[in-house]
Structures are given as C-alpha cells and as structure tokens.
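Enquirer: One letter stands for each residue in the lines below.
2 protein chains.
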Amino acid sequence: MEKIAYPQGILQYIPFFYVIWSDDLVSASETNVVQNAIQKDDSLNKDEKEQLKSWLHTDNPPAENVFKNWKYVISSSNVKLIESVNYPLATFSQKVASAHLVSYPFNNHLKDIEINLGIQPNHYNHLFNVAVEHHGISNLYDSTLIDAILNGDHAETINQFRTILNEPIFNWGIHRNKDAFREIVLKQIKNLALKGYGAMAYPEAYGGTNNMEGYSKIFEQMMYVDGSMAIKFGVQFGLFGGSIQKLGSKEQHDKYLKRAGTAELLGCFAMTETGHGSNVRGIKTTATYDNKTDSIVMHTPGKNDNKEYIGNALHSKIASVFAQLIVNGKNEGVHAILVPLRDDKHKILPGITIEDNGYKLGLNGVDNGKIWFNQVQVPRANLLNNFGTITENGTYYSEIKNPNKRFFTMLGTLVGGRICVARAGLGGAKMGLAIAIKHALKRRQFNDNKKIQEDLLMDYPTHQLRLIPLVASAYIYHITLDKMMSVYCDETQPDKRKVETQVAGLKSVITWYANNTLQECREACGGKGYLIENRIADLKGDVDIFTTFEGDNNVLLQLAAKGVLSDFKAEFNSAGFSSVLKLLSQQLSDKLATVNPLYANKVDKDHLYNPKFHKHAFEYRTRRLTYTLAMRIRDYIKKGVPSYQAFLKVQTHLIALGKAYSIELAYSTFTDFTDTINSQEHKELFQKLATLYALFEIRKDASWYLEQGYIGSSKSKALRQRVERLCTELRPHIHELIDGFGIPEHCLTAPIAN
Amino acid sequence: MEKIAYPQGILQYIPFFYVIWSDDLVSASETNVVQNAIQKDDSLNKDEKEQLKSWLHTDNPPAENVFKNWKYVISSSNVKLIESVNYPLATFSQKVASAHLVSYPFNNHLKDIEINLGIQPNHYNHLFNVAVEHHGISNLYDSTLIDAILNGDHAETINQFRTILNEPIFNWGIHRNKDAFREIVLKQIKNLALKGYGAMAYPEAYGGTNNMEGYSKIFEQMMYVDGSMAIKFGVQFGLFGGSIQKLGSKEQHDKYLKRAGTAELLGCFAMTETGHGSNVRGIKTTATYDNKTDSIVMHTPGKNDNKEYIGNALHSKIASVFAQLIVNGKNEGVHAILVPLRDDKHKILPGITIEDNGYKLGLNGVDNGKIWFNQVQVPRANLLNNFGTITENGTYYSEIKNPNKRFFTMLGTLVGGRICVARAGLGGAKMGLAIAIKHALKRRQFNDNKKIQEDLLMDYPTHQLRLIPLVASAYIYHITLDKMMSVYCDETQPDKRKVETQVAGLKSVITWYANNTLQECREACGGKGYLIENRIADLKGDVDIFTTFEGDNNVLLQLAAKGVLSDFKAEFNSAGFSSVLKLLSQQLSDKLATVNPLYANKVDKDHLYNPKFHKHAFEYRTRRLTYTLAMRIRDYIKKGVPSYQAFLKVQTHLIALGKAYSIELAYSTFTDFTDTINSQEHKELFQKLATLYALFEIRKDASWYLEQGYIGSSKSKALRQRVERLCTELRPHIHELIDGFGIPEHCLTAPIAN
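Chains as they are written, first to last, in the numbering used here: chain A, 1406 to 2159; chain B, 1406 to 2159.
Okay, chain A solo, but in the shape it has when bound (with noise of 0.2 angstroms):
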C-alpha cells in the first residue's frame, strides 16, 4: 500500500476521523461540531483546514484507500490506548501525533470533539488494531452524589434504615417452607416496629413522624432484604393501621393505633372477595346494624362471598372488614368495621373461619388466608367512623351525602398504598438491574479469536439494548413517585382527585416496567438467573403480583384514562361515567396543530435530545388519543348505544390513554426535577437519562406517530438509532449508575454480583 504522509496537525485528527467515519456519526448537527472545531483550532492552518473539512461531506466520502492510509497511520503509530483517562480519544490522538515527530501539546478542541459528539471507547477501541488498557468503568460521576440527588431531604432517614438491614435479622436466606417462612417475616416487621418504623406515617401522638413520604422510601428498601417482609409490612402498618387513621375517628386513634404501629396488635385489611376482586363496591359481605343489641352483625352470605387473599389473615388479632352496611334496612354503602378474630391466645373467636391460601408463585412469607364471618356481632363503636357513623339513637349519619363520593373518599385516603406498591416494584427492578449489570460487567462470552480476553457481555450491544434504557427508567419512575408522594401528603391540596387518578396511571406502568425489568434481567443472566441464591427468580415472584393487586392494572389504566378524559373533575374509581360525559362535550375541541412535514422528519441530534421535542411528543399523543376516544365514544351514545357498552367498546383505546398520560407525566416530572441538580456534571447525566427514556418511549408507540404523520420514516429510523446509540454513550457510567441506587452491599448477596 502506498503511504501518504500526512502533516502533524492533520495527524492529530487522524484518529478522530477514522472513528466519526466508521462509526456514523455523520449527521449534519454532528460533522457541524467537527467542523467548528477544526475553525478555531490555532494549531492548523489554512490548508489543513480545508483539507480536514474536505472529509466532512456525508455525500461524498474519504476514498477507500484513504481509509485504509488513516488505518495504517494509527495502528503503525505503536500508540496504546487507556480508557481510564479523561478523554482517551483526545490523548491517543495526541500521543499518535507526537509518535511521529516531536511531543506535540493536548489540544482542546479535540477534547470538545470527544465530549460534544459522546465518543466513548467502547465505541472505538476495536478499531484501531493498537494495544488496549481496558477499563469497564469511568469514574466521571460519583454514585455516592447521586444517591444522595435520589434521596433528598430524607437521606439521613435512608441510610440509617440501610444500616439497620445489616443486623442479622434482616438477611436474606432460601425459605421454602411457608409456615417457618412467616415466623421469620413476622419478627422483622416486629422488629422494624420496635424501632418506629412501623408507625412513622403516623402523628405524633401514635408514637409516629407523620413522615409518609419517608415510609414510602424506606418501604422501597425493604425490597433489598425481602419482598414478603415489606409486603407484610405494608399490610400492618399501611393496610390496616393506615385503615385506622384515615378512616377512624379520634376515640378509635386512641384505642388501636399506636397498638398497631408498634405490632403489639396485629391486624388485616379485610376488603376483596372471592367473587369480587376490582370491583370494591360490588362486594357481597354485609354489616347489619342491630338495635335491639346496639351492634353490628358481619355476615358472608355466600359461597363466594367470604374475604380472600387477606394478608396477615393467620397472624392477626382484628380485622378492618370493607362490608355493605345495612342500618335500618337501608344498605349505606361500603364501609369499614373493626372486627375481633382471635383471642388471647389465638385462637379463632365463634362464627369466624379462616383458611391459609397456600402456596403461591411468590411473597411465601406473608400469610394470605380467606376469612368467612357467620353472623359475627361486634360493638357499634367498631365502625370506623371518620366519613360515617351509627348515631346513639341508631340511625346512620354521614357529612358526605352523595353515597358516590362518600364511596370514593373512603378509598381515596387509601391511595399512598398504591404509591407504595409503585415503590417497591421499582426497588425489585433497581435490585434485578444491579445483580444483572455487575454480572455483565464481570462475565465474558465468546470472542475475536485473534484477542485474547472474550468480550464483557455489557459490551454486547444487544446486551446494552435491554438493560440500559431500563435503568433510566428506574431513574424517571424513582423521581416521579417521589413527587407522587409529596403531593398526596400536601394537606394544603385536600382535593386528592387528580394525584389519585395520576398514581392509578402510574402504579401501572410501573408494575408492568417492573415485571419486564425482572424478565429481562432473569434472561441476561442466564442460567445463573434462574438460581434462587442469585436473587433475581425470588424478586420476580413477588413483583408478580404487583401487577393486579391493589387494583389491576387493566382496570387502572382505564380509571386513569377517564381521568384525563374528564380533566381530572370525575370521581376516582367510578364504575359509572355520567360525569364523563357531561364534560365531553365541552372537550371535544380538536386543538392540535397540525405536524409540519419539516418537523416530522427533522433527524439532527440537537432536535431529537431536546426536550421540547420531547414534551411535545409525549403532550401530542395524550392530547390525540383523548380527541379521538372521546370522539369514538360520542360516536356510539349518538347510536343508542349505552354507555357502559360504548367504554367498553372503546376498553383498548382507554388503556392506551392511560399508558400515555402516566409516561407524559413521568417524563415532566423527571425533567423538572433535573433542573433543580446543583452539580452541571450530574445535571447533565440525568438529562442523558431522560433523553434515553423519552425516545425509548417514543420508540415504542414509534407505530403510532408514523400513523398520525407525527414522525416520518427517517425520523422514526433516527431515533432507533439514537437509543441504541444513548446506550453506547451511557455504558461507560453504567456501574455508577446501578451503584446510585444505594442498594446497601450487605444485600446485594447474589454470588454473581460479587
């Protein structure tokens, strides 16, 4: 091959344009970088100038023997190349220039090169057919910094929670019997419970903080040492001291519940039937008021009427029991009544069956059981009474006259559980991610024969495809339920509606995001995914049934959609839709702008990063998707037909509303949140993080913008490789991502994270 000479300051870029040119970074916005930096480079002059701009022309590329010259350049150089160092490329160009004739200085605007355009060795070092000194791992971000971003005001709160989870109580062991299973999970959550974390969301008075939104975190680190203990937890001090304090008056406070936050009185939330799952109101149980006796008699009227999947059902003393309550002949509606299940020495009180469930696919160690009440009499002062109450004189009374929003009220204090089964959903994910990264980071398979180390499976693009846009998510879903939880605990917004309809939306994609998490992870390790001692099959046995408990997602979704459909002003939860479509007619409006042709396949990185394309992808699909449903809908009550068969006709379309809303509101709340970072350094990482969830989500619906016209065809293509694309530029700072979640390292005990 015959060797063209180049000049020292063309050298330097050398190595630069082999790698823009092999690696296709050739968009306009992309050679513009190049371009501005070769201008005000003082080291060329004006014939390198032209000459390194005159392989900048996307339409007309360097010759093949020119490639083959820089190729040649490079590797002849005998330069090595170090990943650790800052700017790896910038130094081995430097190094490579200097190779030649004398040291030549570090030049800047090669470093703006290697930065603007996100250059990373991973996607270059096999390249150049030189020496490499590996490095899996940057140290350009601190993973200590950015648990502390995650944390907030309740870091201190945090760590020593983590903390406590190094005591011996709290490690993690196979369990597989389910009765010594359960004893185990009971004294943790006693234990927690004697350390105040039981009744920390409650006043002060109870011997609590009144620190939910701090609840709600730790309860997401309890996913680190076991599913079953926080689900258990959850139940104790959430389910049914929660049931207490939201739905209880001050007297009832006062007997049960700093009882129940310190576990000395164990109880269940006794609300799903057999027979009826989703629909609460639908709920057979009855609570009949008796006035001869001055009491409330519980009763199961049918064979598949009795309570089930009750957690803590085996251990608890009381029940809070959801039944019709029946005063004076007249059902009120659902409410709430304390009842006594067990004795001192537990054993089951007359007219009170309870059977265990069994084993299921997960959560072992909590004691699910079905409960049958036969003509059960407790006091009348066992009511919780905070929303409606049985007078002295034994007639019913209730502030709230409308029996529809007394419903919902009820249910809607209960809302921070659903938050909290979000939380701990994303924690099995952030546990799953952690285990399967520090795996492929550490594993190798297959190889160039030629090289002597096999790659890392992090270094398969595949690899990075699957897991990395699941981390940024874990960071956009991590920040939006923190904001989830701050507003429903804001007492100077008593209005819940829209935060309730939001968390519906949200509890879903989380779960679900969850799921597929766990899966992924599972198969990205392999067989060794599949072994309990690595964790990750125990952690998708619980998240499970996160998916359809504490409301199916299904079911959610569309409660979501109707929210957005009804601009937030329809009660939550409701089974019926007059309110609806009162408002539809007021929306259907079709305020969309029409898509510029331009916009539509507008391709350059500076538009596709930005968040204002984004925002308003995301905002154009609700909007869309609202328009038409709501058009749909309108369509078929014209018809005559009703309308509960017209929302159930357009049952899909509700669920795609609903996914789209919560992931708009997802992706807003992340990006506000990242304007407040003080450090630029991270700021700019967890940007990186949101443009990696944004178009990965649009990505997904990609069908869908095509169909509007929202997006053309290079578009959509662009951004596929955009995210495959993200994912290269974030692997470089995968591990301190993953270490940014503060998994305490006393529970990341799967050997293959070690």
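No incorrect hints appear here.
Same chains, same names: a pair is fine if it fits in one copy or spans any two.
DSSO-like mimics (lysine-lysine), calculated; alpha carbons at most 30 angstroms apart, straight line:
| no. | residue 1 | residue 2 |
| --- | --- | --- |
| 1 | Lys1500 | Lys2043 |
| 2 | Lys2093 | Lys2105 |
| 3 | Lys1847 | Lys2054 |
| 4 | Lys2105 | Lys2007 |
| 5 | Lys1697 | Lys1722 |
| 6 | Lys2054 | Lys1485 |
| 7 | Lys1458 | Lys2054 |
| 8 | Lys2105 | Lys2054 |
| 9 | Lys1735 | Lys1651 |
| 10 | Lys1806 | Lys1689 |
| 11 | Lys2122 | Lys2007 |
Hints were generated in silico from the structure; no laboratory data involved.
Here the structure of chain A is known, so what remains is to put chain B in place on it, guided by the hints.
Expert: Same frame as chain A, but now just chain B:
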C-alpha cells in the same frame, strides 16, 4: 318520537342495518356483501331495494332519527335474542319481521350477510335493548376433531399416553422440598421408561420404535403433568441417551443404549460450564489421551471450568462429558466421553466432585448439579466415537477432516432437543391458556347496573385482545414444530443445516411466546393466577429457563440470521463468519420491488384477510432486513472494521432478521398445512387463526412496515382494528379452540379451570 312504519321486506333488514352501522362494519368490501344480498333477494321489490341501498353510503350515513327509529322497531318487537341458534341475527330478524304481521320465512340472504361479515352475538347483543338468552359457548366446531387434526398420524400414541397420565403416580402436587420432589420425579420417569416411552426414539434393537416425531409430541403432553418430569425425561432419554445414540458407535449402542432407555442406567449430559454457557466451543474441560495407560484423563483445569447446571447430576451413575480431546499433544476439538460418576452403591468415584445447584426459580424436581473432574482416568473405549476416534495405536482419526465441520456435525445431531424444548414451552403455553380462558368463561366482574348479571371476563375486549391472538399462535407453532421434526427425522435429507438453523430461530420465538403467554395468563387470572394450586405459577417458573437453555435465544437468533444471510450454506452454530462474508457478495442485489402506494393503502377486508398479502408482507420484511444487513456489514468491512466487530455492531439487526424469518416460516408452514384439512368448516377456522396470527405479527412490526412505506397510515390502523375484530369473531369458538388442545381433564386440576 314519530314512528315510521316499514314494509315487512325492509323490516327484516332493520336489525342488520342497525348492527352494521353501530359496529362500524361499513368498509367497501363489507357494504358490497350487503348490496349483493339485497340485489339477489326476491322477497324485496324494486323500491325496497333502493331504499335499503340508500342506507349503505359511508359518506352519507343514515340520519340520527332513522337510527332511533330502527332501535324503536327492534325493542318494541318484544322478540328475544337467542344466541344458541345457528344464525342468531338472521333468526332474530325473521322474528322481528314476523312480530309485526304474519309469520315470515327465514331469509337465506340475511344468513349470507351474517356469515360473510362474521357478525357474532357479542357484537350486538347489548345494542338491542331486548331480552337475550346468553350462550358463552358455540358448538359450531368439534373440539375432538380439532384435536385429531393436531395429532395427525400420532393420534393413537398420544391418546394412549394421555390415558396413562391418569395413573396416580402422575398426579400433580405442590412440592416445596427439592429432595422429596426429585424422588417423585425419578419414580415417574422410571415408570415411563418401563412402559417403553424412554426408548421410543431409539432403534427397535434397543427397545424403541424409532419414533422421534411421536416422542416429541409425547414430550409436550408431559408438561400437563409437570415441567420437572418433562425436563428430567428429556435429560435422561433425549440428551444422555441421545448423545450415545447419535455420537456413539454400534458397540457403544449395544453396551449402553438399552439400559439408558429403560432408565436402568441413569446418566447426564455434561456440556455447559460455569465459565462457558453459550460458547460450547470454548469449554475448558480436557480429555487427554494417555498412551501409556491407553486411557483418557478427564480434568477440570480452572476455577470456573466445572460443569454446571447438569440435569440428573445427583441421580446419575455416568455422564456424557463434553471436553477438549487432546491426543498426542494436539487438541482435536470438543468430543463427548462417557465418564462413570458413581459406583453401584451410588458412592461418588475418586477424582469426581458433584455439588447440588440448589433451589431454582422452577424445575426443582430436576437435580441440576456442578461436576468437577480431577485427573479422572477412563478407558479409551469411552470416547463416543461415531465421528472421531482414537485408534488402537493411539492416534486420532476422523472421517470429517475439517475440525469445524466435525464440531458442528456432532452438535447438529443434537438439534432434536431444541425442537423438544420449544414443544415443552408450547405445552406450557397451551395449559396456561386453557386455565385462563376456562376461568374467563366463568368469572364475572363489574356490570352494567341495569343488567342483573355481571359480564364474563371473556367478553371484555381487552381480555380478548390479550388472550385470543395467543391461542391462534399456539395453533401455528404446533403445526410448525410438527413439520420441523418431520424434516429433521427425514433420513433421505442428510444435510440438516437448514432445518438446524430454522429450529434455532423457532426455538427462540416460541419459548419467548410461551413466557409471554404464561405471564398474560397469570395476570388475566388476577390473584387466582398467583396461587400455586392454579398451576400457572409453576408453569411460569418452569418455562422461564427455556429462553436461555439449549441455546440462549439471543445467540440462537443471531445464528438463524447468519443462516439466512448465507442462504443456509454457513456452518450451523458458527462463531466465524468467513462463509457468510463469502456469500454476501453474491447476495447484494436488491430483489425487492418498490411497493405500490395503492397497495400500501389497501384496507378492504378481502385484501387484509388474503394469505397472499400476509406472505408478501413477511417475505418483504425478511428480504429487506437481509439486504440492509448485508449492506451494513459490507460497509463496515470496507472501512476496515474486523468482521467480528462488524457483526457485533449489527447485533440488533441480526436479531430482528432472525425473528422475522422465523415468523415467516411459521406462517407459511401453517398455511401449507391448512390446505390439507378435509373438513371445509374446520379448514376455514384454521384459516381464520392464520389470519389473526399474521395480522397480529404484522402489527407488532407496524413501525417498521410504516418506515419502509410498505403500509400506509390507514392500512396500519385498519390492521389494528382487524386484529380486535378477529378476536371478537373467534370469541364464540374459544372454548372449542381450547379444548382442541386435547389437554386431558385429569391434568386440568386447577380449581379455577373447573
């Protein structure tokens, strides 16, 4: 409201017009059906025909008051809708017409509309506001006949086997302790062996019937009992016995095969190593021939070089060990050597260490373990020497001179196992679908407050969309796997490279399908699906590993893609790419015709349901992906990127191609098969399943088809609507389709399925 009286001829059409307009059945090809019927209907006079036709203009729909009048006519007729009659809408119409005057004859033209538009009672029973006699289940098709179609020539063998599964030893149970569980499973497979099933695929001389096709069908049925039983059976008779059958000589068959088939000799298949899962060629265990003692010395050289995940490891007396065979200092590549593990008293032999792999996410009835060899000496005769041997004078000899070819020939003979894994996954999916759908045909949730009964889960459009396409896929994959096994067993075709590559792709697609299906089924059953007693949980755990064992799906799809790239001329399983690259240059002509814009926007039913469209779409995708992939690789190679790295850069593209090819193959295999079905009625049912499969799969890749301009926006939307529509059309027959799987009643123990 002003009532308009209609003449009787028109009256009988009113229910049809009402349904057609309410349900948006007004595309060109559909109005065509109605127009033709009207034209041919002699019971109508000219004016009536004109009147009816005037109501068929999509651009000028009937006025609102016309609609209301239709509705009034229907509801005021007081006719009851009976869903169980053969043509419910035509019958209803006849009665409506009769109700207004004298008895009116049944109109065959209406029947034709009902059939040709695929109108089902669940499309309209809610529209009429009349009494409905509900029937969730049709009996238009015969599940016994469907089962017979699926069983083909093997019906007798299969039905016999199903009867055997009723013996108490095959009763399903909850097993939490792995050791006890394994004893049960061991007894089960010994029992099956004594009945002759173990040796089924072996030659008659060794107790078999040479029936590999039957074997694979039986294997699927085993999943209905328990996943662990199926896998342990596969390890003993398929992998261990199979390795002797395929890799061993006549003498070795005589010595071992009969005893393997009766389970008298338990053995394992020791290929995978801790350090090397997917990369079999890179395994480290050595088998060094020692001239002095005329023996082979087995050794585990390093810390991670032990055999891992070896099924049957705790029960076995002997193992087929895959190791690097070194003869006279030369590595002859990977060979299998029989290594005794334990003595008659089940004591582990010197130099051998075996450890239990411990608890797993599923398959805990299979005793997977790790095995180490410390200089273990075995006779030279223990080398399975069908493809390569060590002669008496201590030199290596093989008829296959090329070591690469030798390796892939040996591995290729084991491909049958991959078909069986896909079959087992399919069996699991069928079982999950049967349980979830039987549950959905009984369980009711929510309701229209005016109705007494709540809706069946199966009548929710979301539920239909979740489950029915998965049922269709089960049919497609069943037939496809039958065909693959038949080609694999065809001894007249000695070159198995093509079928091996096809199986690599199909195994991936089908095992992922199985996992997704079981996840949908679990969620579709809510909390009930989470209980072990309802079986889906165990199936999920068992089937999960199928995606990464017998070849990791992502790796297999890349192999499949390389096969397509090289027109199946590359070596199966090859990590090198030279043969692919050689072929690329011959393949780079783009054979694809440009897509006609008219074609890209054809949305009428006839076109969308036409197999020619489906085949063309699948073929287009495969070809296009092949072409663009080849171009990308060539570009990288031209730029000097090493071929190994070039393939790495296109990894996600390879996976897309591998999937696309597999889907195309499955669809065309299935449609070839449907042509052979005798019963016209059932042939049409199978064709409808094929249509749903095709549209469902095309929709999954809609963004790609849109990007390519292969489909336009309106076609993409029409496809989505057609998928939903096909689900409702299949809804009345879903019970027959599920029963057509032929899962024995004694295996369907899930309480929710009864």
